[in-house]
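Novice: Residue numbers (our numbering), protein chains in the order written: chain A, 1 to 113; chain B, 114 to 229.
There could be a bad hint or two in this list.
[To be verified] So the derived label-pair ranges between C-beta atoms look like this:
1. Thr-113/A - Glu-177/B: 38 to 46 Å
2. Tyr-152/B - Pro-95/A: 23 to 31 Å
3. Gly-154/B - Lys-57/A: 25 to 33 Å
4. Gly-16/A - Ser-183/B: 50 to 58 Å
5. Lys-171/B - Gly-2/A: 39 to 47 Å
6. Gly-141/B - Lys-57/A: 20 to 28 Å
7. Gln-158/B - Ile-51/A: 20 to 28 Å
8. Pro-95/A - Ile-173/B: 16 to 24 Å
9. Tyr-10/A - Gln-158/B: 18 to 26 Å
10. Ile-51/A - Gly-175/B: 33 to 41 Å
[To be verified] Calculated from the model, a selection of chain A residues having no Cβ within reach of chain B, i.e. all distances over 12 Å:
11. Gln-17
12. His-29
13. Asp-38
14. Asn-53
15. Asp-59
16. Ala-81
17. Ser-100
18. Asn-106
[Unchecked claim] Think about it this way: if two alpha-carbon atoms lie no more than 25 Å apart in a straight line, the pair counts; the simulated SDA-like pairs of lysine to any residue are:
19. Lys-171/B - Glu-128/B
20. Lys-9/A - Arg-109/A
21. Lys-9/A - Lys-184/B
22. Lys-182/B - Ser-131/B
23. Lys-9/A - Gln-224/B
24. Lys-162/B - Asn-106/A
25. Lys-162/B - Arg-44/A
26. Lys-191/B - Ala-130/B
27. Lys-57/A - Ser-221/B
28. Lys-174/B - Tyr-140/B
29. Lys-162/B - Gly-40/A
30. Lys-57/A - Glu-69/A
31. Lys-162/B - Ser-100/A
32. Lys-184/B - Glu-128/B
33. Lys-191/B - Asn-145/B
34. Lys-162/B - Gln-37/A
35. Lys-191/B - Phe-164/B
36. Lys-162/B - Lys-9/A
37. Lys-71/A - His-156/B
38. Lys-174/B - Gly-3/A
39. Lys-162/B - His-120/B
40. Lys-171/B - Lys-57/A
It should be emphasised that the hints constitute simulated quantities derived from the structure, not laboratory data. In this text the structure is predicted, and so the values were computed from the model without any measurement. Even for Gly, the Cβ is constructed at its ideal location relative to N, Cα and C.
Residues per chain, in single letters:
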Amino acid sequence: DGGITQSPKYLFRKEGQNVTLSCEQNLNHDAMYWYRQDPGQGLRLIYYSQIVNDFQKGDIAEGYSVSREKKESFPLTVTSAQKNPTAFYLCASRPGPGNSPLHFGNGTRLTVT
Amino acid sequence: AQSVSQHNHHVILSEAASLELGCNYSYGGTVNLFWYVQYPGQHLQLLLKYFSGDPLVKGIKGFEAEFIKSKFSFNLRKPSVQWSDTAEYFCAVSTISSGSARQLTFGSGTQLTVLP
Chain A
1 DGGITQSPKY LFRKEGQNVT LSCEQNLNHD AMYWYRQDPG QGLRLIYYSQ IVNDFQKGDI
61 AEGYSVSREK KESFPLTVTS AQKNPTAFYL CASRPGPGNS PLHFGNGTRL TVT
Chain B
114 AQSVSQHNHH VILSEAASLE LGCNYSYGGT VNLFWYVQYP GQHLQLLLKY FSGDPLVKGI
174 KGFEAEFIKS KFSFNLRKPS VQWSDTAEYF CAVSTISSGS ARQLTFGSGT QLTVLP
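Just chain A, with the same shape it has in the complex (with noise of 0.2 Å):
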């Protein structure tokens, strides 16, 4: 079956130390897309990527980083410059920068000690 995949799905870290969460894709979408959720915050948009090699900062990147080397692919690293990194991290994907809605991955939730 065709989906997206985070792994893994519970992480824990020491604070000050990157921290990479993966999302691999096979539905050979275009777009993909990395949200971060916080309780009464919903999804906020950390980066976005609509092609191959080519990434966008979304409204929260700051602390962030991800790189986009393959189309099913689109790793987010958490940096120690990321003051609040204790958060549930849902990755998304879609065909194109269109209208298509998002298809998610079921989220890695990551806390920070």
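Using the hints provided, position chain B relative to the given structure of chain A.
Specialist: Just chain B, lined up with the frame of chain A:
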């Protein structure tokens, strides 16, 4: 920049009650509107969408939403809720941002709890 407001953070209803979840957006241009749902332990999925045409759109599981352009609203409705409708509901708006790239802006979500 566009914004989306969902004023009800938590709604609690009994089974068979009617549901209306509010969604208002601020953007003066053309928009596409979506409702997504996240059932407990599951990923976000599309409930319904509005692109153009009939402002009353029907989605899965008996849900519908009405786009009222003059009120910048896209409220979600269901005549009779079931316990299985317990979930978090997100309204989202798609617009043309800089660089002609359409992005989605999400509301803060409404947690619906249906009591059996």
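Novice: Evaluate the given range 20 to 28 Å for the C-beta pair formed by Gln-158/B and Ile-51/A.
Specialist: holds (25 Å)
Novice: Could you check that no beta carbon of chain B comes within 12 Å of the beta carbon of Asp-59/A?
Specialist: At about 8 Å from chain B, Asp-59/A fails to clear the 12 Å cut-off, so the statement is violated.
Novice: Given the hinted pair Lys-191/B and Ala-130/B, is their Cα-Cα distance within 25 Å?
Specialist: holds (9 Å)
Novice: Within 25 Å, alpha carbon to alpha carbon, are Lys-191/B and Phe-164/B?
Specialist: holds (20 Å)
Novice: So if I understand the rule, the pair passes when the alpha-carbon distance is 25 Å or less; does Lys-162/B with Gly-40/A pass?
Specialist: Holds, because 23 Å separates the two Cα atoms, which is no more than 25 Å.
Novice: When you check the alpha-carbon spacing of Lys-57/A and Glu-69/A, does it fall within 25 Å?
Specialist: holds (16 Å)
Novice: Given a hint of 23 to 31 Å, does the C-beta separation of Tyr-152/B and Pro-95/A actually sit inside it?
Specialist: holds (24 Å)
Novice: Can you confirm whether the C-alpha distance between Lys-9/A and Gln-224/B stays at or below 25 Å?
Specialist: holds (22 Å)
Novice: Measure nothing beyond the straight line between the CA atoms of Lys-9/A and Lys-184/B; if it is 25 Å or shorter, mark the hint as holding.
Specialist: Violated. Lys-9/A to Lys-184/B sits at ~40 Å, over the 25 Å cutoff.
Novice: With d taken as the least Cβ-Cβ distance between Asn-106/A and chain B, does d exceed 12 Å?
Specialist: Contrary to the label, Asn-106/A does not stay out of reach of chain B, its closest Cβ about 5 Å off (not over 12 Å).
Novice: Within 16 to 24 Å or not, the Cβ separation of Pro-95/A and Ile-173/B?
Specialist: Distance hint for Pro-95/A, Ile-173/B holds at roughly 20 Å.
Novice: Within a Cα-Cα threshold of 25 Å, do Lys-162/B and Arg-44/A meet the stated pairing?
Specialist: This hinted pair holds, its Cα atoms lying about 20 Å apart.
In this structure, the hints that do not hold are numbers 5, 13, 15, 17, 18, 21, 28, 32, 36 and 40, in rising order.
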